[in-house]
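> Now for the letters of each chain:
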Amino acid sequence: MKGALGFGGITLGFMAAALGVITMAVGIQRRDGRIMATGRQFVFMVLLGALVAAGAMEWALVTHDFSLAYVVRNHARATPLLYTVAALWGALEGSILLWALILAGYLTVTVRRLRARASDPLVAWATLVGLVVAAFFFALMLGPANPFRPTPGLIPKDGLGPNPLLQNHVLMAIHPPMLYLGYVGMTIPFSFAVAALATGRVGEGWLLETRRATLVAWAFLSVGIVLGAWWSYEVLGWGGYWAWDPVENASFIPWLTATAFLHSVVVQERRGMLRVWNLSLIIATFCLTILGTFLTRSGVLNSVHAFSQSTIGAWLLTFLGLAAATGIGLIAWRGDRLRTPGRIDSPVSREGAFLANNLLFAGFAFVVLLGTVFPLLVEALRNEKLSVGEPYFDRMTVPIGLALLFLMAVAPALPWRAASGPVLRRRLAGPAWVGALTMAACAVLGARGVAEIVAFGLGAFAVAGIVRQYALGVAATRRASGGGWPGALRRTVAGNRHLYGGLVVHFAVVVIAVALAASMGYTTKREFRLVQGQRVTLQSHHFTYLGSTRHQTGQKDKFQARIRVERGGHDLGVYAPALSIFPNSPQAIGTPSVRTGLLRDVYLTLVSSPDQDGRITLGVQIGPLVVWLWIGGGILALGTAIAVWPARRIRRRSTGRGPDPLAPPAPTTPSADEELLAEAPA
Amino acid sequence: MIRRVVPGAALAAVVVAALVIAGAGRSHPSRSPAARAHAIASELRCPVCQGLSVADSPSPTAKAIYEDVRRRVDAGESAGAIRSFYVGRYGEWVLLRPETSGTGALVWILPVTALLLGAGGLALAFRRWRREPALSATEADRALVEAALAAADPVPPAAADPVPPATADPVTPDAANARPGVGSPGPTGAARPGVVSPGAGSTPSTGVSG
Chain X
1 MKGALGFGGI TLGFMAAALG VITMAVGIQR RDGRIMATGR QFVFMVLLGA
51 LVAAGAMEWA LVTHDFSLAY VVRNHARATP LLYTVAALWG ALEGSILLWA
101 LILAGYLTVT VRRLRARASD PLVAWATLVG LVVAAFFFAL MLGPANPFRP
151 TPGLIPKDGL GPNPLLQNHV LMAIHPPMLY LGYVGMTIPF SFAVAALATG
201 RVGEGWLLET RRATLVAWAF LSVGIVLGAW WSYEVLGWGG YWAWDPVENA
251 SFIPWLTATA FLHSVVVQER RGMLRVWNLS LIIATFCLTI LGTFLTRSGV
301 LNSVHAFSQS TIGAWLLTFL GLAAATGIGL IAWRGDRLRT PGRIDSPVSR
351 EGAFLANNLL FAGFAFVVLL GTVFPLLVEA LRNEKLSVGE PYFDRMTVPI
401 GLALLFLMAV APALPWRAAS GPVLRRRLAG PAWVGALTMA ACAVLGARGV
451 AEIVAFGLGA FAVAGIVRQY ALGVAATRRA SGGGWPGALR RTVAGNRHLY
501 GGLVVHFAVV VIAVALAASM GYTTKREFRL VQGQRVTLQS HHFTYLGSTR
551 HQTGQKDKFQ ARIRVERGGH DLGVYAPALS IFPNSPQAIG TPSVRTGLLR
601 DVYLTLVSSP DQDGRITLGV QIGPLVVWLW IGGGILALGT AIAVWPARRI
651 RRRSTGRGPD PLAPPAPTTP SADEELLAEA PA
Chain S
683 MIRRVVPGAA LAAVVVAALV IAGAGRSHPS RSPAARAHAI ASELRCPVCQ
733 GLSVADSPSP TAKAIYEDVR RRVDAGESAG AIRSFYVGRY GEWVLLRPET
783 SGTGALVWIL PVTALLLGAG GLALAFRRWR REPALSATEA DRALVEAALA
833 AADPVPPAAA DPVPPATADP VTPDAANARP GVGSPGPTGA ARPGVVSPGA
883 GSTPSTGVSG
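Listed in order, the protein sequences are those of chains X and S.
The numbers in my numbering rise by one with no breaks, and the one at position 125 of the first sequence is 125.
Numbers in my numbering are just positions in the second sequence, counted from 1, shifted up by 682.
No wet-lab data here; the hints were simulated from the structure.
Just so it is clear, the structure is predicted and the values come from calculations on it, not from any experiment.
Which chain X residues face chain S? A few, computed with CB under 10 Å, are given here:
#  : residue
1  : Gly237
2  : Trp238
3  : Leu355
4  : Val367
5  : Val388
6  : Gly389
7  : Gly435
8  : Ala443
9  : Val444
10 : Val454
So these bits of chain S aren't anywhere near chain X, every CB distance computed over 10 Å:
#  : residue
11 : Asp750
12 : Arg754
13 : Asp756
14 : Ser766
15 : Ala829
Okay, the calculated beta carbon distance ranges per label pair:
#  : chain 1 : residue 1 : chain 2 : residue 2 : range
16 : S       : Ala801    : X       : Leu317    : 29 to 37 Å
17 : S       : Ala694    : X       : Leu317    : 45 to 53 Å
18 : X       : Arg113    : S       : Arg771    : 56 to 64 Å
19 : S       : Thr795    : X       : Thr38     : 46 to 54 Å
We put the CB at the ideal spot given by N, CA and C, even for glycine.
Work out the full structure: start from the sequences and follow the hints.
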């Protein structure tokens, strides 16, 4: 019954998407705005179908409907409600359903926002492309990834339950939807890029339509990646948050290309250059999300030979090939129209910095992509097995990351077109000194490691530059219109949300980079064998094993050790790392217990439960600044929110028609005002 | 001249001094056996985990290997010998950092080559741009801009973006926007990039969509 309802929803979604594609195609072919306007109605039916299907799946999960194979595999009666609901994205079929639902949501929002232009061919083409992608994902669910397949044979009384690692932490309910909101959101800019190429309107109009969508998707993807790292840290128990695992890389590669796009798009917006490059980045980002889905969902990672067991891998690869071929073909076809005149006058300019930024981000993406797929390619082509792991990625990406940090410190202060020596000195000398003195202070205070020190110094350099830009902006606002600091700050930010929101995002990146450098460079790790009452010390923290308890529930059999943590005579509390045995898994799953602090985390793991002598093995890890990774993720979301917050219409128009802020008066002695105006493009 | 050079040199000196202190204090991996064992273990793949190193993994298998590595280091075996032993036992697969010879070398060479090619391409582009004379706006360009501004200005924004035909139309915002690159870089030209680009180009479309 629920199965039939859900499958009905999927069928409705597929039919609506397919009919929408046909209608749009007819409308575009006949240049009939009314047919195009009709075509967009199908988007709402696709959303309805996806909602019905997802609702039916949740209903089946909550009511323990084990007549569905998916429910049997991913749910048990003892599973708590939160993980029952989250089981929708716990396995292949459900995550494809979530993908389709989110895509339908994005498409609905897009056609609603552009309802006044429903008969514009550009919008029609974009809707058509979005519906093609939706049709593909619904077709997957009609075929190889049907979430509503009935249970073969007898209907069991209970299910197997979700993977133990997926029913261990609240973040499991938030991280995958966030990641999917980011992943799927990249379909919207892709649709508009294809639409721009198909209609030949390859100028800057489509960019403005999609920039906000790209930013929103990018922010979700960023937050999803940070939450994934956090989940990994809180759940997996090896003390790290990022292992360069292919599944992690799959989400990170499109993030890198999307980040490159968000920067290079500014050059196109202002100078009309880099059209081919920007289109390529958007198309690549979309293709990489499909590639990521293929990597994580086809089973190819376990073995290149495993993925032939399910046809979904072949479907996804074919679709990936089609999307890439469409993109490349369209760009080649429109080549003449994409060529733009214009040149970049000097490498030491904002444009020059954006180009360097894009080179580095593209290189970064290539390193991660190559490292991820290289073992698969070698196994498929030469039948050799080799690994590409953390040492490789660290060696390759740390220099690129530091170079990007340097650009982030310098680039926002560079003027467009060309920079003169005096301007550079005036804008950069102060922040550079802050960075250099930070490095000196760190070295004198005992920080070791070249990469770490450089990261701290460049971070301070960048932050000083950000503070400087905010201070100049607020001071100029106060001179122009008076008022107190808070009001002036608000008006300054509202006057140029892209700039000041972007600077907040940069600040978040510094926070994350510093936390990465500190936690990668200065983490201490030890294991202790302890009997009850024994006390050990690591880095002036004392740990006492108080005793242990055992909880047995239907969901799991959990063994917990109680450890008192003290530092400098202060009791920091009792922490309880645990080992759990789940009925559906032979291996014990460790649950770390983390004392989070602003300066350092104390990370306790129970490595083994008591042996015959009553000894446990306790893993202790003290890692500095780890919490700032998650805080940095929050600041990043805040910065993006500032940047995408809709500006008030009146304000925007007044800045557009007022005295032109982009016209440099070229005085002989540049004043602070002039510098600020040159720095703050609208 | 001296006033310009001295601050830069002082800045560089502070940075270099900090780097020397920070770099010198780092204990070299060859010093302590524990550090050497950790360095080797962090490049060996835990055979029963998903891509974790022997040093990171909490699994018993990884711990056994870690202890074996430590024993071999104490017995005086070189890092290379220990690695070859494990390659003999598990195959190339056990090395998380691929060898710089054989098939694995590609994974090191390709990105570096790509980055160098990209940087070289950019350098060439800048050289070409530098040699080309800066274009300045012609009378035709200015007329085009005048026409675009005149077409965009008096009409309310909603009506200023008519459904453009699929064929190219020189007066659509897209086309008008492509011009700023041509404009002269100096502030003297009538078609200053700043005047045309964001103002005239973006107002109609944001007015509709926003």
